[in-house]
Amino acid sequence: MTQVVTLARRSLNPLSGLTHDPRQRRIVAVLILAALIYPFLASAGLFPSWVPAPTTNNLIVMCYYAVLALGLNIVVGFAGLLDLGYVAFYVFGAYTTAFLGSEQFGFHLSWWVTVWIAVAIAALAGVLLGAPTLRLRGDYLAIVTLGFGEIVPLMFKNLDKININIAGQKIIGPDFNLTGGVLGINPIDPPTLPSPFGKEIIFSNSNPHASLYLILLILMVVFFLSRRLRDSRLGRAWMAIREDETAAEAMGINTVSTKLLAFALGASCSGFVGAFVSSYQTAVFPESFNFAISITILIMVVLGGMGSLRGAVLGAFALSYVSETFLPWAGTFVNPPINSLGDATHVAFFTNFTLSAYNYLIFGVVLVLMMIFRPEGLLPSATRRAELHGEGIAAESTFGTTASVAEAATDFEEAAGELPIADWSDAAGAAAEPTHAADEPPPSNPPSAGGPA
Amino acid sequence: MHHDGAPVSILFRIVANPLELRGPSVDIVNSVPILGPCLADLSQCAEAFKIGLFNGLIIALIAIGYTLVYGILQLINFANGDVFMVGTMLTWIGVSFMGLREGSPASLVIVTLVVLLVATMLITAGLNASIERLAYRPLRNAPTLATLISAIGMSFILQNVGQAIIGPSPRSVPQLLSNKPLFEIGGVSFALNELFVAVITIPLLVGLTWFVQKTRQGKAMRATAQDREAAGLMGINTNRTISLTFLLAGALAGGAGLVVALYYGQTWWFYGFPFGLLAFTAAVLGGIGNLTGAALGGIVLGLIRALNERYVDPRWTDVVVFSILIIVLVFRPTGILGEKIGERA
Amino acid sequence: MTAVATELILEATKVRKEFGGLTACSDIDFTIPRGAIVSLIGPNGAGKTTFFNMITGLYEPTAGRIVFNGRDITGAKPHEVVRAGIGRTFQNIRLFGNMTAIENVLVGLHHTLRGTWWQAILQPPSVRREEIRALERGRELLNLMGLAVRESDYARNLPYGDQRRLEIARALATDCKLLLLDEPTAGMNPEETRQLTTFVRSLRDRLGLTILLIEHDMKVVMGISERVTVLDHGEKIAEGTPAEVQADARVIEAYLGRGAAGEG
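Residue numbers (this note's numbering), protein chains in the order written: chain A, 815 to 1267; chain B, 22 to 366; chain C, 4 to 267.
It is possible that part of the hints are untrue.
[What the hints assert, rightly or not] Coverage of chain A stretches by chain B, computed from C-beta distances (three or more under 8 Å per stretch; other residues unrestricted):
1) 939-949
2) 952-959
3) 1159-1173
[Said to hold, decoys possible] Chain B is faced by these chain A residues, among others (derived, beta-carbon under 8 Å):
4) L923
5) M969
6) I1107
7) V1136
8) G1178
9) M1185
10) I1186
The set of hints was computed from the structure by calculation and includes no laboratory data.
The C-beta atom is built at its ideal place from N, Cα and C for all residues, glycine as well.
Just need the whole structure built from these sequences, with the hints factored in.
Pasting the structure below:
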């Protein structure tokens, strides 16, 4: 009977960066390399128009949604806190960058500095907006976060004419413009780096190559952080809270600080994206932060499989690919005939038909079908699958290594079949020694399991 | 008065409604006390109350749909708002189909509206029940989260269907019911379209309460809401009861849709979201699961919104509404009329 | 048998809990000597669970004082109570169903570990060593409970008896001095119950724990407890050795006078 020490491998591998499995590590390396080369291929015109290949800018959108999905995954997937207003944190990150790197207040701090401030502010927003929700569970938590997701962007939209008078004294005003109102803040300084070739490198939508590299770097960093967090003491505490909050508390977990950490760390990921997107687009507008964004990110997490890191990335890639690249591409074939049909029949629906407008129809259908037929997502974490499908997964491991564990688990099953399950008094017989010798390695064989009653 | 008095969510105002925003420029601190200006011009104040009341009645109708379904399935039926939107859309289709316009003969208008009301409510009731059958029932034993996500999916689907039929921007519905003052009580004038709101919403609210309190099926609903398993053991067909709940919620949403289409004179594919959110807030405010609470919550919200629009700043109305929602949920999660329930450990 | 030691590990003085107008526990004095096995019994609705929940911090007492190991834990949060050294199991097993057996135990070890969120990210050698030690300790506890072969199984897939054991393993992982067992034999057959009884005593004897049981099974209670406290209608009606309690007229009335003691 060999025990597979998957946990140790999972938590303690010094190279536990993006993946543990050497085969997967190669795949990841290839993917990253492909992403690095991709913009050159795309700009070289290697993809004919009948191939729905994403442009470099599409790829950037896919990447930053992946970061957002990873961030929300910490809150929803790990800690089980259904957040329907993730956009609220994102706004803080975006506007922080806008305030500090634009003409709005005349600060022109370097992006490389503001990004950290944005992350910190987003994390702080996570704590502040998370704090009131700590006592709430399930649906109520969802609705309060949804409320924040509505309020925060509205505040940013409305805070363009602030007059605060106290006892007739003007404190702020007249019409102090904090956020630029509906017009937002435009332009915002993009990140720049000195280049060995003379001209400095600008990371904005005018230079998608460089921007792609920047967001890829952010994506890898966030993926790595998520993975480390998941496999830590904190990650276990999050999962315990997700499973049973009362029991988690009764096991010595401070649920308040643990949940706040989930909000803060989840929000900080959106701080990265806020900083990146506002400077990449060199503008922020309050209208671009709405419920649809929060929900889209949630769908990405659900689609990939809640709690699953690869799932979140895949979900984000798939959905943003469909809406950014695939539907507009398919529309070039589908729209014209339908539009001309409309011209012939005078039916407005046909005349104005644009395939990409039905983006959310597809999302909606996908959500419903997924919930009914594959609620665990495309690349589920094993845990989630267990929760949603009930029994019959004893042979699977949370830890990603499948074959060996499954094998070992079968061994256990067989062993359990042969041996009478250890009885209580026997187990107690083995009690004294190991408990007092906490620092010694465990016995190689389970001693008590064999003893017949 | 005209539509601009109607406190439609600014969410939608900014995106699609070009109507000018009324109210003083923001002076948050000085304008918060509503009482002063209200007392200074009582008839203005009464007018605001009237608008709030009528809007509140509409919100109440939708809110009851949320509260009924939540009571029985512990599910926030996100699609409820969109079923309401379908109601506004059906009204628009019916009115256009009949070629009705401002000044059409009264008898034709009345007959059409009665038929439309019945048809709309039947269709939305069927729609809501089908949604339950297709998207929620298969998930009866799954975690609530799965059903909630499925509901969000259905909401998206309905919005897009609405978008396909209505088009991307709002469509106006002819002013069939006059908005000219009909009579006056204490300096407040009432128009035909406002009376229409009251004539439709109040009987529906009363009728529903009667149904749930007094009829056999209503009792089955309440029993199922209390304890689904036990109700099943007592011989109640819980699936049929749940379907009935969705039928009722859908019918009310459809009725509200008809009223909104005629009162606000518009239909729009995105209506479901702001109205739905508002109605859900009302349901929470009144204590979710509580019918009277939902109705009162709707009226209270309508009043708060109307007063805020008139005396504070319409731009902040949604912030005010959601802040109320959050404060209620955080400090009194069972709502104003709800019972206090402690979690058993 | 009388108490092993006279020193008190837990001392509750005039503890009271009211819900609205209802008094669930009325001025209860209750002590547990260090190293003892003490039982709390009483008919359904007697206030046992309420009292239990006040010790474990789920409820804050309306009045009164609870001192554990020389420390005032009145109104402390559940996680603070655990840190003070009180571990517990639940009447209706509350494991982390979608976590493996070893992960459940590691959650129990949570407060004995130090790793912070930034250490989780940076993984300094100290934290890695700590995790290895935690894993070893978790395995020991599983071994102790005869669950070694179940290490990688999800808690929800374990048979009922194993779930009960895993809950005890998880409680022991919190490094408790006082172990509270809430109806540990619920749902067990007589043979399993007998084994558990022996096991509980050996836990005390070998690990030097103090144990508080809430139990319905009179055989269990009378067999292993050194002291028994009986609650009825939120009041303490008797206290003493099992023999004394069994002979007490009020106890007999509480149990037999109103029919058998079945808890729903």
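key: Index of numbered hints that the structure contradicts, given in increasing order   = 4, 6 and 7
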